[in-house]
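*Asks:* Each chain is listed here by its residues.
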Amino acid sequence: MRGQASGDDRARFATVVVPHLGDAFALARWLTGNRADAEDVVQEASLRAYRAIAGFADGNARAWVLTIVRHTAYTWLRRNRSSTLVMVDDLEAVERTQADPSDRDTGTPETELIAKADAARLEAAIAGLPAPFKETLVLRDIQGLDYREIATITEVPIGTVMSRLARARRRLVALITKD
Amino acid sequence: MTVSTPPDDPTLLIHAYVDGELDPANALEIERRLAADPALAAERDRVAALRATLHRHFPREAAPAGLRARVAAIGAPRRTEHPSWFALAASVALAAVVGSSSTYLAFGPQQPGSGSEAVVDGHIRAMMAPQPFDVASSDKHTVKPWFNGRIPEAPRVIDLAQADFPLVGGRIDVVDRAPAATLVYRHRKHLISLTEVVARGRADSAPARRSSDGYNIVQWTAGGVAYWAVSDVAAGDLEDFAQKFRTAPADQ
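Top to bottom, those sequences are chains A and B. With my numbering, the residue at position 174 of the first sequence is 174, and numbering never jumps. With my numbering, the residue at position 70 of the second sequence is 70, and numbering never jumps.
One thing to keep in mind: the hints can contain errors.
Partner residues aside, some chain A positions facing chain B, computed with beta carbon under 10 Å [as the list claims (entries may be wrong)]: (1) ARG12; (2) PHE13; (3) VAL18; (4) ALA26; (5) ALA36; (6) ASP40; (7) VAL42; (8) TYR50; (9) TYR74; (10) ALA119; (11) GLU123; (12) GLN143; (13) ARG148; (14) GLU155; (15) ILE158.
Worth flagging that the hints you see were computed from the coordinates, not collected in a lab. Keep in mind that this is a model prediction, so the values were computed, not measured. Heads up, the beta-carbon is just placed ideally off N, CA and C, and yes, glycines get one too.
Working from the sequences, and respecting the hints, build out all of it.
*Replies:* Written out as structure tokens, the structure is:
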């Protein structure tokens, strides 16, 4: 049961958590793969954030909220969708099956192929990334967080953020530039 | 932040450069190498093109209005009209969930229409909770046995996934101070709570629709069980759900 909340807690919740619901929902949607599950996750994460609001030290509210959303999403996925959660921190298996760059359609410049990629194909390619790569790419290239924020949220060193990001991007480029 | 102790792999620095994460000295060094190395320049062009494409296709969006309203309600002063109801519901549901037999709680005679406020409250309370069910499963062979030992009679559980009403779980609600089985179904983005209360001796009745606090309710009685379906789906969809549930084969 929820504890007795003070008016201060309610005011802090409104200023710390509520402004970041759009980002919270976007991250949850990418991690769960659909909007209905994302709503469940964000609602649960919001409740957790509300209970923990007194412990939030002034700082990066968005990173704090997204940290809670990320934890909630993975807990939720393990509980409800354990078969879809791919946590392997290893892209080598998929990279081995990746097309050789020379197989590419050489008639069109690569950057043009990237620019022409349609949303559905991109979305499917991102959805297929193992979770550590997907979350890093989404936080950086869709949500616009910087490396330090991503390192905080995903609880890894900045060097790991950089290598995951580079590999996730290369994987996406390979997927959307082949026929 | 800025990356001042560069990793060995120069392509990682290209990514950091495009992301604006390099300090000025490293950025100048990378620009010098980009000018001299076509492979690195190609990597920079790919990263920049990918970022532009992602920005174009996936702009920032607001959270859905319904979610925003529910989250805002978390931080809003709580409803105070029925404080004892919440305490009672929580304690009785907890008692039922921790596994003690609740058969000592006799079902009193049900009056037609009674309990509808309780089932709406149960639905609202569930929508506010971390999850709207105590057992999460789309499998009726998991949901139905879960109720054994928690309530006197297991509910009728129908699989309606083919009709676009997939089962998502079940929970215990409290109706007229007795635990009652509630099944939770999903219809598109909405949830439907179907509460079943044993009502022995009560005549069957056809589905009747009403609304309360913005929620639609369809109530009917069949085979000595009173059913309440509560949801924020359109009234027509909820009646469709009731119709499909009622007419499904008995041994489903």
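*Asks:* Now, for every hint given, state plainly whether the structure supports it.
*Replies:* Each hint tested on the structure:
no., hint, result
1, ARG12, "holds (9 Å)"
2, PHE13, "holds (4 Å)"
3, VAL18, "holds (6 Å)"
4, ALA26, "holds (7 Å)"
5, ALA36, "holds (5 Å)"
6, ASP40, "holds (7 Å)"
7, VAL42, "holds (6 Å)"
8, TYR50, "holds (5 Å)"
9, TYR74, "violated (15 Å)"
10, ALA119, "holds (4 Å)"
11, GLU123, "holds (8 Å)"
12, GLN143, "holds (8 Å)"
13, ARG148, "holds (4 Å)"
14, GLU155, "violated (16 Å)"
15, ILE158, "holds (7 Å)"
Hint check: violations occur at hints 9 and 14; the rest are consistent with the structure.
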